[in-house]
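Novice: Fit chain B to the supplied structure of chain A, relying on the hints for placement.
Chains as they are written, first to last, in the numbering used here: chain A, 1 to 56; chain B, 1 to 120.
A couple of the hints might just be wrong.
[Said to hold, decoys possible] Sample of chain B residues at the chain A side, in silico, Cβ under 10 Å:
id, residue
1, L49
2, G50
3, L55
4, N65
5, W66
6, T67
7, W80
8, S82
9, R91
10, L92
11, E99
These aren't lab readings, by the way, just hints derived from the structure by calculation.
Where a beta carbon is used, it is the ideal one built from N, C-alpha and C, also for glycine.
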Amino acid sequence: MVGIAVLSLLLKEGFLVDICLIYAMISFLAVIVITKIYVREYIKEHQKEVEEDEHH
Amino acid sequence: MSIIEHIRLLTGGVFLLGGLVLFALELYGIYHMKYVLNRMHAAAIGDTLGISFCLIGLMIFSGWNWTTLKMALVVLFLWWSSPVSSHLISRLEVETNPELSKHLKKGTLEEITESKEEQS
Numbered sequence: 001m002v003g004i005a006v007l008s009l010l011l012k013e014g015f016l017v018d019i020c021l022i023y024a025m026i027s028f029l030a031v032i033v034i035t036k037i038y039v040r041e042y043i044k045e046h047q048k049e050v051e052e053d054e055h056h
Numbered sequence: 001m002s003i004i005e006h007i008r009l010l011t012g013g014v015f016l017l018g019g020l021v022l023f024a025l026e027l028y029g030i031y032h033m034k035y036v037l038n039r040m041h042a043a044a045i046g047d048t049l050g051i052s053f054c055l056i057g058l059m060i061f062s063g064w065n066w067t068t069l070k071m072a073l074v075v076l077f078l079w080w081s082s083p084v085s086s087h088l089i090s091r092l093e094v095e096t097n098p099e100l101s102k103h104l105k106k107g108t109l110e111e112i113t114e115s116k117e118e119q120s
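Chain A on its own, in the form it takes in the complex (with noise of 0.2 Å):
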C-alpha cells in the first residue's frame, strides 16, 4: 500500500492514490467476508460431530 502511494508521489498520477484507498477497502471487505464464512463452516461442522455423537 505505501509502495502504490510511493509511485503515485513519484510518477505524479493522482489515481494511484484511489487504487491505494480501494485496496485497503478490498482487503477490509475480504476479512469480514472470509472470517463470516469460516466461523459458520465451523459451526455447522461441529454441530454435526455432536449431532452424530449423540446418535451413536
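Specialist: Just chain B now, with coordinates in the frame of chain A:
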C-alpha cells in the same frame, strides 16, 4: 532550495524512515512470536502506526493538494478498519480453537514473570 523546502524534506524523511522502522519491528514481531494472537498484536503496529507514518511522510512531500487529502483518507480508513479486522480475526481464533486454554496463562503478573524466569 529554500529553508522551508529543507525542513519539509527533513520532516518527510523522518516520518518515512520512522514508518520503515515500524515495519521492520512488525516483521520481527510476526516471525518472533509463536501464537496467532501475539502475532496479531505485532502486525497491528504496522497496520496503524507504520502505514500512517509512511503516508504522513508522503503527505508532507506532496504538499497541499488532492493527493494529500486522499492519503489522509487512506490513513483514516485504515485506523477505522484495522481494529475491526483484528477483532474479527481474534474472535475467529477464540471461537474455532478448541485448545485455546493451552495458550492462555492465568495468574497475577508476578506469577507469570516467575514462571517465565523458571522456564528460561
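Novice: Indicate, hint by hint, whether the structure satisfies it.
Specialist: Verification of the hints:
The criterion of a C-beta within 10 Å of any C-beta in chain A is not met by L49/B, whose closest approach is roughly 12 Å, and the hint is violated. Annotation: interface hint on G50/B holds; nearest CB of chain A at approximately 8 Å, less than 10 Å. Because the smallest distance between the Cβ of L55/B and any Cβ of chain A comes to about 6 Å, under 10 Å, the interface hint for this residue holds. Given hint, N65/B at the interface with chain A, holds; its Cβ is 8 Å from that chain's nearest Cβ, closer than 10 Å.
Look at W66/B: its Cβ gets to within about 6 Å of chain A, closer than 10 Å, so that hint holds up. Here the hint on T67/B is kept, as its CB sits about 5 Å from the closest CB of chain A, short of 10 Å. Nearest Cβ of chain A to the Cβ of W80/B: about 9 Å, under the 10 Å cut. The hint holds. With a cut of 10 Å, the hint placing S82/B at the interface with chain A holds, because the nearest CB-to-CB distance is about 8 Å.
Taking 10 Å as the C-beta cut-off, the interface hint given for R91/B holds, the closest approach to chain A being about 7 Å. The restraint placing L92/B at the interface with chain A holds, with a minimum CB-CB distance near 5 Å, inside the 10 Å limit. With 10 Å as the threshold, the beta carbon of E99/B stays out of range of chain A, its nearest partner Cβ sitting at about 14 Å, so the hint is violated.
Checked against the numbered hints above, the structure violates hints 1, 11; every other hint is satisfied.
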